[in-house]
Amino acid sequence: MDDSPTLEQITRGDGLALCAAGPWTARFAPVLEQIIADAEKLTGSRPNIFIDVSQVSRLDTFGAWLIERLRRSLTQGNVEAKIAGLSLNYSSLVDEVRRVPPAGPPPVRQNALISLLEDVGRNVVGFGSTLTGLIGMLGAVLAASGRVMRHPRSFRLISTVHHLEQVCWRAVPIVVLITFLIGCIISQQGIFHFRKFGADIFVVDMLGVLVLREIGVLLVAIMVAGRSGSAYTAELGSMKMREEIDALRTMGFDPIEVLILPRMLALVIALPILAFLGAVAALYGGGLVAWLYGGVQPEAFLIRLRDAISIDHFVVGMIKAPVMAAMIGIVACVEGLAVQGSAESLGQHTTSSVVKGIFFVIVMDGVFAIFFASIGM
Amino acid sequence: MAGNISDPIIRVRDVSVQFGTTKVLDGLSLDVKRGEILGFVGPSGAGKSVLTRTIIGLVPKIGGSIEVFGVDLDAADTAARRAVERRWGVLFQQGALFSSLTVRQNIQFPVREYLDVSQRLLDEITIAKLGMVGLPPEVANRYPSELSGGMIKRVALARALALDPELVFLDEPTSGLDPIGAGEFDDLVRTLQRTLGLTVFMVTHDLDSLHTACDRIAVLGNGKIIAAGSMADMLASQHPWLRAYFHGKRARAVVG
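Chains as they are written, first to last, in the numbering used here: chain A, 1 to 377; chain B, 378 to 633.
What the hints contain is simulated information worked out from the structure, not anything from laboratory work.
Where a beta carbon is used, it is the ideal one built from N, C-alpha and C, also for glycine.
Don't take every hint at face value.
[Said to hold, decoys possible] Here are the simulated distance ranges between beta carbons:
{"hint": "1", "chain 1": "B", "residue 1": "Arg458", "chain 2": "A", "residue 2": "Ile158", "range": "45 to 51 Å"}
{"hint": "2", "chain 1": "B", "residue 1": "Ala456", "chain 2": "A", "residue 2": "Leu157", "range": "56 to 62 Å"}
{"hint": "3", "chain 1": "B", "residue 1": "Thr455", "chain 2": "A", "residue 2": "Ile174", "range": "18 to 24 Å"}
{"hint": "4", "chain 1": "B", "residue 1": "Phe475", "chain 2": "A", "residue 2": "Ile174", "range": "55 to 61 Å"}
{"hint": "5", "chain 1": "B", "residue 1": "Arg519", "chain 2": "A", "residue 2": "Lys82", "range": "20 to 26 Å"}
{"hint": "6", "chain 1": "A", "residue 1": "Arg242", "chain 2": "B", "residue 2": "Gly606", "range": "36 to 42 Å"}
{"hint": "7", "chain 1": "B", "residue 1": "Phe475", "chain 2": "A", "residue 2": "Leu157", "range": "25 to 31 Å"}
[To be verified] Derived list of chain A stretches under chain B, where covered just means 3 residues or more per stretch with a C-beta under 8 Å from a C-beta of chain B:
{"hint": "8", "region": "25-32"}
{"hint": "9", "region": "58-69"}
{"hint": "10", "region": "287-298"}
{"hint": "11", "region": "328-342"}
[What the hints assert, rightly or not] Chain B regions said to be covered by chain A (calculated; three or more residues, Cβ under 8 Å):
{"hint": "12", "region": "421-433"}
{"hint": "13", "region": "446-457"}
{"hint": "14", "region": "519-530"}
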């Protein structure tokens with residue numbers, strides 16, 4: 001039933017009739033576009049050109065617009081093109097597309113060098129505003145915690161406990177598993193290389209110091225940034241998108257107090273606990289491998305461990321943990337509140353929350369390393 | 378394939394939908410005729426949107442059959458389903474515009490997928506569609522988050538109409554529009570129906586829309602169609618909910 005659309009040229013005296021026939025609908029748009037492009041070449045070839053649409057079997061916006069486009073390009077010369085044979089049904093559609101304004105000029109492309117410079121400039125400014133944003137959020141959180149300390153009734157215990165469950169309790173299995181495996185790997189590698197010097201037993205020293213001071217807390221912080229930092233950003237971001245945060249504000253609640261403080265607090269409590277559990281798991285894994293692979297008896301391992309590490313190593317790790325947690329939390333919350341209206345923006349900010357979170361955790365670790373070295377811990 | 382003119386374009390038979398233990402639709406049957414504007418009303422939470430989503434295929438049903446354009450959507454293979462989906466347009470209640478695409482890209486998205494046409498034609502058609510729903514061309518470069526609620530509705534309609542469908546589903550198209558905008562919207566739907574031969578399935582609570590735009594009204598209650606017919610039939614009905622709805626305080630101003 002659907003034959004393809006056609007546009008026939010019929011000469012009438014000094015004029016030319018373009019007779020459109022068949023279905024002029026969206027389905028045939030690619031064909032129609034070609035037909036129109038061919039017909040547009042006739043512009044100015046005859047003093048009188050008109051378009052006859054009486055044979056068109058079906059017409060929709062695509063067809064109507066293409067006929068209108070043809071009419072316009074035929075008119076642009078010294079001839080006035082008309083549309084003839086328009087049935088009553090279609091005339092309002094044609095009137096509708098006749099109101100479409102002519103296409104504006106295409107946007108000017110910028111010089112590649114200038115846009116590169118623009119990008120660099122934007123990134124530098126962006127980095128600066130990230131830092132000020134983080135400091136601003138830190139201040140806002142501290143101010144909010146000050147207010148909560150003065151009015152303990154406004155503290156959101158249930159929310160805090162809920163987030164504590166999410167970021168601490170539910171993270172325990174994965175954190176313990178991964179740190180256990182890392183402990184195993186460190187121990188195996190240590191034994192493998194130290195054996196060449198007959199220094200197998202020193203693997204215990206390395207494991208103890210490494211796990212308690214660095215790996216335990218750093219690894220756990222990175223996992224928490226990936227696991228909870230991203231969740232915070234996504235939660236706050238989608239709340240921002242759906243104007244929930246504005247709603248809170250209009251009801252007289254401070255979003256920092258209601259949303260961010262409980263999350264921050266949960267994270268600051270959770271990370272030391274997770275770091276402690278992680279350290280235990282890593283030492284356990286390392287000890288297990290040392291026994292099964294390196295032949296270090298558990299009793300010997302424990303005695304050596306007690307000699308090798310002091311409480312300082314453990315304290316260093318535990319001091320770092322809450323600071324890193326605060327860092328991750330602040331980055332996540334700043335990114336969450338920076339989400340704009342689109343799904344794409346949510347994705348971008350969640351990504352940058354994790355990337356920046358991990359980056360700042362490692363920077364903090366370096367700062368702590370210098371600090372503890374200079375105070376001799 | 379086109380079938381008889383009098384054939385229903387949507388044929389819903391004994392459709393039941395259940396969420397958990399609540400039966401939302403219970404053996405519902407409904408016909409939508411070619412070229413008509415059907416207004417679909419019912420109390421909030423009665424399952425109007427659920428029926429719309431069931432017809433479109435977003436909500437699974439536990440029984441019954443649905444035919445759209447004479448194609449049974451359960452029995453149809455993927456290609457047949459695609460062909461049907463290409464012939465309908467859907468306006469969701471919240472607009473459901475793609476938030477990471479501009480208005481222009483939103484409208485062009487379905488066209489680009491189905492038709493191999495030049496960028497120039499795409500741009501021109503976009504401007505034409507925007508004009509049809511009463512929006513200026515400048516809107517094309519904005520993102521959905523930069524639009525007002527009414528503009529989102531209009532852009533969503535433009536997107537639903539992008540491929541010049543034969544059937545459109547409108548889920549509360551005029552809610553959130555000012556009365557003038559809503560009136561224009563009704564006129565627009567009417568014009569499109571006349572010029573494009575559009576069939577419109579419209580879920581609405583707007584009595585003005587029902588009065589001015591709709592050819593037929595179907596009323597949903599207790600998971601079934603409790604009445605279907607013209608505005609005059611609705612006004613004459615003795616059903617208590619219908620009486621309250623069409624003769625209530627808000628209705629009197631419209632119906633007179």
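Now for the hints, and whether the structure bears them out:
Our hint of 45 to 51 Å for Arg458 (chain B) and Ile158 (chain A) holds, since their Cβ atoms are close to 47 Å apart. About 57 Å separates the C-beta atoms of Ala456 (chain B) and Leu157 (chain A), a value consistent with the hinted range of 56 to 62 Å. One distance hint, 18 to 24 Å for the beta-carbon pair Thr455 (chain B) and Ile174 (chain A), is violated here, with the actual separation near 39 Å. Distance hint for Phe475 (chain B) and Ile174 (chain A): a CB-CB separation of about 34 Å, inconsistent with the stated range 55 to 61 Å.
In this structure, Arg519 (chain B) and Lys82 (chain A) break the distance hint of 20 to 26 Å, their C-beta atoms being roughly 37 Å apart. A hinted range of 36 to 42 Å for the beta carbons of Arg242 (chain A) and Gly606 (chain B) is consistent with their spacing of about 40 Å. Distance hint check: the CB atoms of Phe475 (chain B) and Leu157 (chain A) are about 40 Å apart, inconsistent with the given range 25 to 31 Å. Check result for the region 25-32 of chain A against chain B: holds, 5 residues qualifying (beta carbon to beta carbon below 8 Å, three or more required).
Requiring three or more residues with a Cβ within less than 8 Å of a Cβ of chain B, the coverage given for the region 58-69 of chain A holds, as 6 such residues are present. Chain B is given as covering the region 287-298 of chain A, and this is violated because 0 residues of the stretch bring a CB closer than 8 Å to a CB of that chain, at least three being needed. Given a C-beta distance limit of less than 8 Å, the hint that chain B covers the region 328-342 of chain A holds, as 3 residues qualify and 3 suffice. Given as covered by chain A, the region 421-433 of chain B fails the check, having 0 residues with a CB less than 8 Å from a CB of that chain where 3 are the minimum.
Counting residues of the region 446-457 of chain B whose beta carbon lies closer than 8 Å to any beta carbon of chain A gives 0, which falls short of the minimum of three for the stated coverage. A stretch counts as covered by a chain when three or more of its residues have a beta carbon under 8 Å from one of that chain; for the region 519-530 of chain B and chain A the count is 4, and the coverage holds.
This entry does not satisfy hints 3, 4, 5, 7, 10, 12, 13, going by the numbered hints stated previously.
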